[in-house]
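Visitor: Chain residues, written in single-letter form:
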Amino acid sequence: GDSVTQMEGPVTLSEEAFLTINCTYTATGYPSLFWYVQYPGEGLQLLLKATKADDKGSNKGFEATYRKETTSFHLEKGSVQVSDSAVYFCALSDWTSYDKVIFGPGTSLSVIP
Amino acid sequence: GAGVSQTPSNKVTEKGKYVELRCDPISGHTALYWYRQSLGQGPEFLIYFQGTGAADDSGLPNDRFFAVRPEGSVSTLKIQRTERGDSAVYLCASSLRVDTEAFFGQGTRLTVV
Numbered sequence: 001g002d003s004v005t006q007m008e009g010p011v012t013l014s015e016e017a018f019l020t021i022n023c024t025y026t027a028t029g030y031p032s033l034f035w036y037v038q039y040p041g042e043g044l045q046l047l048l049k050a051t052k053a054d055d056k057g058s059n060k061g062f063e064a065t066y067r068k069e070t071t072s073f074h075l076e077k078g079s080v081q082v083s084d085s086a087v088y089f090c091a092l093s094d095w096t097s098y099d100k101v102i103f104g105p106g107t108s109l110s111v112i113p
Numbered sequence: 001g002a003g004v005s006q007t008p009s010n011k012v013t014e015k016g017k018y019v020e021l022r023c024d025p026i027s028g029h030t031a032l033y034w035y036r037q038s039l040g041q042g043p044e045f046l047i048y049f050q051g052t053g054a055a056d057d058s059g060l061p062n063d064r065f066f067a068v069r070p071e072g073s074v075s076t077l078k079i080q081r082t083e084r085g086d087s088a089v090y091l092c093a094s095s096l097r098v099d100t101e102a103f104f105g106q107g108t109r110l111t112v113v
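Protein chains in written order, with my numbering: chain A, 1 to 113; chain B, 1 to 113.
Calculated from the structure, these hints are not laboratory results. Any given hint could turn out to be false.
Said to hold, decoys possible - Derived CB-CB ranges, DEER-like:
#, chain 1, residue 1, chain 2, residue 2, range
1, A, Ser85, B, Leu39, 15 to 25 Å
2, A, Asp2, B, Ala2, 30 to 40 Å
3, B, Thr52, A, Thr70, 18 to 28 Å
Glycine included, C-beta positions come from ideal geometry on N, C-alpha and C.
Chain B extracted, bound-state conformation (with noise of 0.2 Å):
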């Protein structure tokens, strides 16, 4: 596609469920990032994927979000045991290269109720 795909662009899900995000990088872009956005607030990074493995995943809140991207393509952020304030817009990036301009998708508006 010509940009970065984030699907579903809005979802709701109740306290305690599983969810996950997916994310359709550029093509051709090894770099991959996840950010979250809180309301009033600048992304804040969660992770970074190089190829297929996860060279920085130090800005994950907790051991109840992880994210995959077996081919180094698609990637999928998944939270598990959903709480209130995991309610916010995840947003997805990728680059050529990790010292080249990230594109971001348009976020999925993740609300917990």
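Just chain A, with the same shape it has in the complex (with noise of 0.2 Å):
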């Protein structure tokens, strides 16, 4: 079945360091692929998403390309702030059965001052 994998943490670095979070994906059709945050204290929220290969989503300064030879969703981000500090979800869903989406087991980012 669909899957993702995404590197495990947690991860720790200094303010204005690049950030670079490896999502990978098995999926039998074309999915739709997601960025999910989770900020402590808050809820789930959608950070970006790609709906085909070659898209880059963006937002907030974080970006991800949706590579189909690669099976892969790469976050990264050229200068963190402590405020990104959270975790963050790679997800997907497929479009044959786009009402459920399967998420990564997350990883933690700490941005020191």
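Relying on the hints, combine the two individually framed chains into one complex.
Guide: This is the structure in structure tokens:
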């Protein structure tokens, strides 16, 4: 079945460092890909998405490009801030079952001043 | 309300007891989803409602779990004969339609002792 794998955390970075969180997926169809973020004490929020190959999703300085050839959707940010500390979830929704979103296990990010 | 509301925020119950978890979706959202998030894992799909009907309940783990949405708005997730393994955060999400962004509540943390 469809699945999502992402790099294990926790990840600790200094402020203004470059961030990459790796995500790869397995899907039988043509999924849409997402990154969700969960800030401490808050609910899950959609950070960005891409619906087809080579699309780039971006929001709040974060970017991820849908790479069909490598089945990847890595999250990047050029300069992280303390306020980016959160848990990040890579996820997919397959067009054949778009009612459900399949999440990866999450990667915890801590940014220190 | 402004967002998806879930009550209670925390619930502690004894093994074998019955519990109900409530979700108030965003007004006007026809699609409603329940997910379960165990510690250190990503959310796992349980059930999806379109209006009043359960369009996909393939994620419910067994027949102890049941959910209703009688008027197409508020939904209740019901768990009978709770077990310690049911301990998790139960997340509710709603969206305007099934193919639009889902907004998540902050979840109900269920602890079975």
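Visitor: Each hint needs a verdict: does it hold in this structure or not?
Guide: To see whether the hints hold, each was checked on the structure:
no.: 1; hint: A:Ser85 to B:Leu39: 15 to 25 Å; in the structure: holds, 19 Å
no.: 2; hint: A:Asp2 to B:Ala2: 30 to 40 Å; in the structure: holds, 32 Å
no.: 3; hint: B:Thr52 to A:Thr70: 18 to 28 Å; in the structure: violated, 42 Å
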